[in-house]
Amino acid sequence: MFWTSYFLAVLALVLAWPVPVLLSRAEWPARAPFMAMVLWQAIALAGGLSMIGAMLVYGLEPIGDNLIAGLRSLAGMVLHNEPTTALGFWHLFALSAAALLSAHLVFTLLLTYVKIERQRRRHRELLTLLASPSDDGPGTVVINHDSPVAYCLPGGARSVTVLSDGLMAALEPAELRAVLIHENAHLSQRHDLLLWAFAAWRQALPWFPTTRLAQVAVNSLIEMLADDVALRTESKGTLIKAIAIVASGSVRPMERVSLPGTSAGDSSSDDSTLSGTGGADSPRTTASRVSRLLSPKPPLPAGLRALVLAASAMLLAVPTGLLIVPGLLG
Amino acid sequence: MASLGELERAVMDLLWAGQEAATANKLRDLLAQDSAAADGIAGHQGKDLAVTTVLTVLSRLEKKGLVERERGTRPHRYQAVSSRADHTADLMHEALGSAPDREAVLARFIGSVSESEAATLRKLLSKN
Numbered sequence: 001m002f003w004t005s006y007f008l009a010v011l012a013l014v015l016a017w018p019v020p021v022l023l024s025r026a027e028w029p030a031r032a033p034f035m036a037m038v039l040w041q042a043i044a045l046a047g048g049l050s051m052i053g054a055m056l057v058y059g060l061e062p063i064g065d066n067l068i069a070g071l072r073s074l075a076g077m078v079l080h081n082e083p084t085t086a087l088g089f090w091h092l093f094a095l096s097a098a099a100l101l102s103a104h105l106v107f108t109l110l111l112t113y114v115k116i117e118r119q120r121r122r123h124r125e126l127l128t129l130l131a132s133p134s135d136d137g138p139g140t141v142v143i144n145h146d147s148p149v150a151y152c153l154p155g156g157a158r159s160v161t162v163l164s165d166g167l168m169a170a171l172e173p174a175e176l177r178a179v180l181i182h183e184n185a186h187l188s189q190r191h192d193l194l195l196w197a198f199a200a201w202r203q204a205l206p207w208f209p210t211t212r213l214a215q216v217a218v219n220s221l222i223e224m225l226a227d228d229v230a231l232r233t234e235s236k237g238t239l240i241k242a243i244a245i246v247a248s249g250s251v252r253p254m255e256r257v258s259l260p261g262t263s264a265g266d267s268s269s270d271d272s273t274l275s276g277t278g279g280a281d282s283p284r285t286t287a288s289r290v291s292r293l294l295s296p297k298p299p300l301p302a303g304l305r306a307l308v309l310a311a312s313a314m315l316l317a318v319p320t321g322l323l324i325v326p327g328l329l330g
Numbered sequence: 001m002a003s004l005g006e007l008e009r010a011v012m013d014l015l016w017a018g019q020e021a022a023t024a025n026k027l028r029d030l031l032a033q034d035s036a037a038a039d040g041i042a043g044h045q046g047k048d049l050a051v052t053t054v055l056t057v058l059s060r061l062e063k064k065g066l067v068e069r070e071r072g073t074r075p076h077r078y079q080a081v082s083s084r085a086d087h088t089a090d091l092m093h094e095a096l097g098s099a100p101d102r103e104a105v106l107a108r109f110i111g112s113v114s115e116s117e118a119a120t121l122r123k124l125l126s127k128n
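Chain order of the listed sequences is X and R.
Position 108 of the first sequence, counted from 1, bears residue number 108 in our numbering, the numbering being contiguous throughout.
Position 87 of the second sequence, counted from 1, bears residue number 87 in our numbering, the numbering being contiguous throughout.
Honestly, the hints are just simulated from the structure, not real lab data.
Only a predicted model underlies this, so the values are computations on that prediction, with no experimental measurement involved.
Take the hints with a grain of salt, since some may be wrong.
So the derived label-pair ranges between C-beta atoms look like this [what the hints assert, rightly or not]:
1. X:D146 / R:T73: 53 to 61 angstroms
2. X:W3 / R:A119: 20 to 28 angstroms
3. R:E70 / X:W17: 57 to 65 angstroms
4. R:Q33 / X:A103: 20 to 28 angstroms
5. R:K63 / X:H104: 45 to 53 angstroms
6. X:H104 / R:S116: 36 to 44 angstroms
Even glycine gets a Cβ: it sits at the ideal position worked out from N, Cα and C.
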């Protein structure tokens, strides 16, 4: 019991700092973006689980030989007013912290979902008034704007891909196809769920390096995954050209899209948050995407892919096993 | 003019195109003209469109913050809160902007690009 809580605490610490720092600096994720995505999810889940688990196990130590027995005794104390004298101050503190952290994580996840959905609904409402349907298939609309802009707004069956007039004018048909395939890949691979989960993770624990690094990495990885889908049907040159044209036309959007209602100070503060924190969408994302396309490295060998997968599985299995197995055996 | 969504769009188009505030009656007449012109069946669709439907559409648009009414006059006169261009700029700001709490809302083809990065990309473009 005692050692379990220490081990979980160490695991939580390792997953909160050194591991994400190393992973975010590694080169191999560009060679196996899907595996890297699985690993980031495992790190986040295992990190949260061991954080809460460590506190729970420590707090329950005096009243049970394992987690399940401890929780049973705790339930007796809470529900039947049994004496709590076995629990010291620090045990109660750890238990409260575990309960608060769990509630905080779940609540942030839900709150982030509601916020995202509200903004998407509002955006979709305005799109139905402002954009016109495009010839490029259902779920694609064109908006009257000069800069080259392409994005997708996820929303299940109401998902929509938005292109600007400027984009349609700047791109050749093949390049436009590459952009559309890229955006459709975001929608069909449900990247919105990853964006949501990691945005909530960062929102919940903003002071942990892992949450920021994870969000930056995930934002970059979904672009690589979508690029790979586009490369199945379009040539590398086409995709690079599309990226270059859109990128060189969308520099400093704050200056190009000046809102009558917003002051210059407003937009400069937006810019400073961008350069200061790097945002979730690190400015290096586009450069790394292009260099990955220009000088591609071979995909990660199958053996190493299996290793990453095994490591992800272990990350999830070890804290779960430590928490549950002793109770099942005892 | 089947759905409320289409009507909302048609009403906003009229309000954005018109210079001054309009009453629901006026909007109904304009909508009737438009649909007659579009269908080639003179006035048929227009007669089906009740002023109450237009009022429903207007109150929905008002709730969404797109339309405001002048309270002093009777019947109420409605106008767009801001221009079509402003709303487009608003949307693009949301799509291109990088406020951290907006990053999960949509997925852009290209994220924010720094000036030096754009210069590199332009060089790349001229080579190809």
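Evaluated hints:
no. : hint                                : verdict
1   : X:D146 / R:T73: 53 to 61 angstroms  : 38 angstroms, violated
2   : X:W3 / R:A119: 20 to 28 angstroms   : 56 angstroms, violated
3   : R:E70 / X:W17: 57 to 65 angstroms   : 60 angstroms, holds
4   : R:Q33 / X:A103: 20 to 28 angstroms  : 58 angstroms, violated
5   : R:K63 / X:H104: 45 to 53 angstroms  : 33 angstroms, violated
6   : X:H104 / R:S116: 36 to 44 angstroms : 39 angstroms, holds
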